[in-house]
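K.L.:
Chains as they are written, first to last, in our numbering: chain A, 1 to 309; chain B, 1 to 328; chain C, 1 to 383.
Possibly wrong hints are sitting among the right ones.
[Said to hold, decoys possible] The calculated lysine to any residue pairs, modelled on SDA-like cross-linking and capped at a C-alpha distance of 25 angstroms, are:
(1) B/K134 x A/W212
(2) B/K48 x C/A293
(3) B/K134 x B/S121
[Unchecked claim] Computed list of chain B residues with no C-beta within reach of chain C, every gap over 10 angstroms:
(4) T88
(5) R120
(6) Q310
[What the hints assert, rightly or not] Here are a few chain B residues that face chain A, going by a calculated C-beta distance under 10 angstroms:
(7) L70
(8) S121
(9) S122
(10) P159
(11) A171
(12) R174
Simulated from the structure, these hints should not be mistaken for laboratory data.
Glycine included, each C-beta is placed from N, C-alpha and C at the ideal position.
Below are the chains, spelled out letter by letter.
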Amino acid sequence: MTATQLRDDDTVAPADSTPADGGPSPNGTAAAAPAIKRRRLGWPARIAGGVCAAFLLAALLAPLIAPYDPLTDDRSNRLQPFFSGGHLLGTDGQGRDVLSRVIWGARPSILTGLIPVFVAGIIGTLLGLVAGLGSHRVNTVIMRTLDVFYAFPAVLLAIAIAAALGSGTSNAIIALSVILVPPIARLAESEVARIRSAAFMEAARVSGAGWWSIALRHVLPNAAPAIVVYCTALIGLSIVYAAGLGFLGLGVAPPTAEWGLMVNDLRQFTFSAPGISLVPAVVILIASVAFNVFGDGLRDLLDVKGDGR
Amino acid sequence: MSATAELTDDPTAAGSLRPTPLLVVNDLVKTFGNGVRAVDGVSLTVHKGETLGLVGESGCGKSTTAKMILRLLAPDAGLILLGDDDLTAVRGRQLRQMRARMQLVPQDPQTSFNPRLSIRSSIEFNLRAQRIEKAERARRVAEAMERVGMPMAYGQRFPHELSGGQLQRAAIARALVTSPELIVCDEAVSALDKSIQAQVLNLLVELQQDLGMAYLFISHDLSVVEHLSDRVLVMYLGRVVEEASAAQLWARPRHPYTEALLSAAPSSGRTRIMLTGDPPSPVNPPSGCTFRTRCPVALPACAEERPLLQVTDPHHLVACVNEARTAA
Amino acid sequence: MTTLATTSDADTMADGPTPAGRDSAGGDSNATLRLRDLHTTFSSRGLTVHAVRGVDLDLHPGEITVLLGESGSGKSVTAKSVMRLYGANATFAGTVELDGRGDLLAAGPKEMLSVRGPEIALIPQDPSAALDPLRRIGAQIVEVLRQHKAVPTKAAAKARALELLGQVGIPDPARVYRSFPHELSGGMRQRAVIAIAVSCDPRVLIADEPTTALDVTVQAQILALFRSLIDRMGSAVLLVTHDVGVAEEVGDRIGVMYAGRIVEYGPAADVLGAPRHPYTRALLDSIPSPGVARGQLRSITGQPPVSGELPPGCAFAPRCPDAHDRCRATDPVLVDLPGRRLAACHLLSPDDGPAAASAGAAGSTTTAGPEGTDRTEGEESAA
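Bound conformation, chain A alone (with noise of 0.2 angstroms):
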């Protein structure tokens, strides 16, 4: 094996394969890195990944960090302003402290947002598996019946659904579940079927391998990024929605702490407590934007825009 063999001090130097491009391209192809290319998390993704953080840890740790117990009313005390005498973010019109409310409503809120998205997420990427790379007959049946869904608007949709099936947190999950499905799987499919065409996968058929295996060790590995990430910013969306539908009363019951709902509660006090009354909203748009910056920051760390490698 002499004539052929490797030395073992070869230089890692991808640059032997013809036709060459001369020289090295500004965006750092392996003709010209020597390692792979180090991403980092942009700040302000750091950034908004401690926000998203932040309020998971609410979810999490409400019973331990809320000052006050959301439901306990106090009539003698409603609409105090903000920063008086212990209530952070002043109180609503019953009396009840709002920052605790909010923090014990990051609860409701933030798991209808998050586990739509996962669920969607992993039906998603199902049906966009067996129909990129199923015969075109499925894809077609699959595709098609998703576009019936992506005819209605989501909202719409997600408010029929809810409604159909009652209020209640699982309920709105179900119901925001079934209307992420179509784009991930959407998204899913186009991946997949452009991963499809790649040369590798041919090296892959040519094993033997059944189409499973090939898709659970070729291709996800590929299409996750995009996935990924895509879900990422569809859990801002989610809670919006989420919240949305605690605001028609189609999420959990009051009296208890849930943003949506919170934003139906103080629209009454829009003008005499304009501050306390945007509280719920200004949140909502925070932990929406967290997870969309989130989202972008990892987009870029994956590189999906720029074809993963």
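Guided by the hints, dock chains B and C onto chain A, whose structure is given.
P.N.:
Below, chains B and C without anything else, positioned relative to chain A:
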């Protein structure tokens, strides 16, 4: 021991090994949806341990033929026999087992590996369909990597960390890992620098001498094909126009297209036969002999009937009504 | 086909059609384009790649100079640097002189725009990349002609475009004029690109792997076309390729590049027939030829170097079968060899001996680079 040496030129000569056919392809046809008749009745035979070269320019159907042999594409018509088994008829488990017997080394090393998997994982995946337990799989992977001269440490690396030549070695290791009887090399060295190409070609020869598998070597590079092959098939627009041993083809090409092809290579030392125009559209090929529109010696008869492959010298087949004049 | 273009040959070339209003540069050298100590460096994200590390080259009218090398050798970068086709992340050093009129590398963007096209034209590797897929071929040629005011009227532009398409061997120019790029075959597209490139009668033509993407029969046609065009137009040509056959086919002179430098230079037949540099020799040996027994191809061990990670001394030393300590310590410079050849190898210029004397005497010439009309010309005896 080189069984290949005895397979050149005249396998029926007394005292030499009679070659056993490994792969027999008969009248393969493939028409694509857009009307392109990519493969139009191609037959070939690869014997055990020999290298069959498949030569032609772009659009001649050589890659499509290879894909049908590997069952990556389904032929519209025709027969493919691997040993005694009809490849066009097998399914499921049997097909999976047959796949182990024929493997592929694709053209572009950079894209033929999954960028998200380590080299080792990619090579090991090739054994996935064969019910082999983990320890044995690891052993085979290690053995294959050693055979191609790849240090084990490279197994942990990812495709973008390796050069083209190193990746192509890995691709060969991946093909070897199932102990195939036939390896299809689809332009396997075309994307490599010449100096690296030489390394890989030497490796392929060495492996064939050690392990005795056959190669179906597809290339547009004539000098490489001539160097590596025992027998060569020349394809044009989906058809085989000439078939002969490498030595015979180069010494005495008979089909006008082969002559032009060999003379077109720079510094071939032959009289340059310049073909006019571009290859005709594969959607609407000329009647009769598809080459007649560019053929310097075309006759009116060429338009009437498709010329069949006929034996001229022993084991030298040509599809031409008008036998080409020999090159000096 | 001339293999050795001497000064007298170059003069004969100048007798051919000279674009009106341009006088060829006089003086002791009629090199149309001179590269002196060209360096090109790319930096992005903290990574610096020194792609071209000091190239000296002269291009003469009517002559095809081939830059031969594998990937990473810097040949394409050299060619594109002349045309300043790189963005902000490329830095240059050295000079590129056109007709002795000033350094192109120092020119401003506006000046470069006026130079590209009428003075220096590029034939890129991939014709599909050079052609706008949304516009017809004729329109693209006309646009170039009009932009550089090579013709007075639109009608004249169209006529000239049709004429050009005919000159590049397209059988039905009117049809191709109306066609979109995707309607043409690869060979046709490349001819169209050549038509665009020569449309303004450039003094310098740079061809970057012009036939790599083509079938060998089409390549033969294109190379023949190329040769006849150059013979007629008298442009100075720089042709970049990794294919030795192409170099042999059309090259008058060959510069072999390795790791950003020219390691050997001379008349094509000489360099290919009797290579002096170990890399050139090894490169030519690694090509399969009928005589070589199977499995016995001479290959070069290792990989070509990455420009950012060069060892001290000769860049080829790690892979050179004849390397010794001096090779690993100091970088060899190009030295004059008989027959107007140059090569950069310590083995060719030992510390003692006649070669060292000529290297010393031609010291200034050496740094000046491979010129067809250097001072030592008269002293050279036939190789």
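K.L.:
What hint numbers does the structure not satisfy?
P.N.:
Result: no hint breaks.
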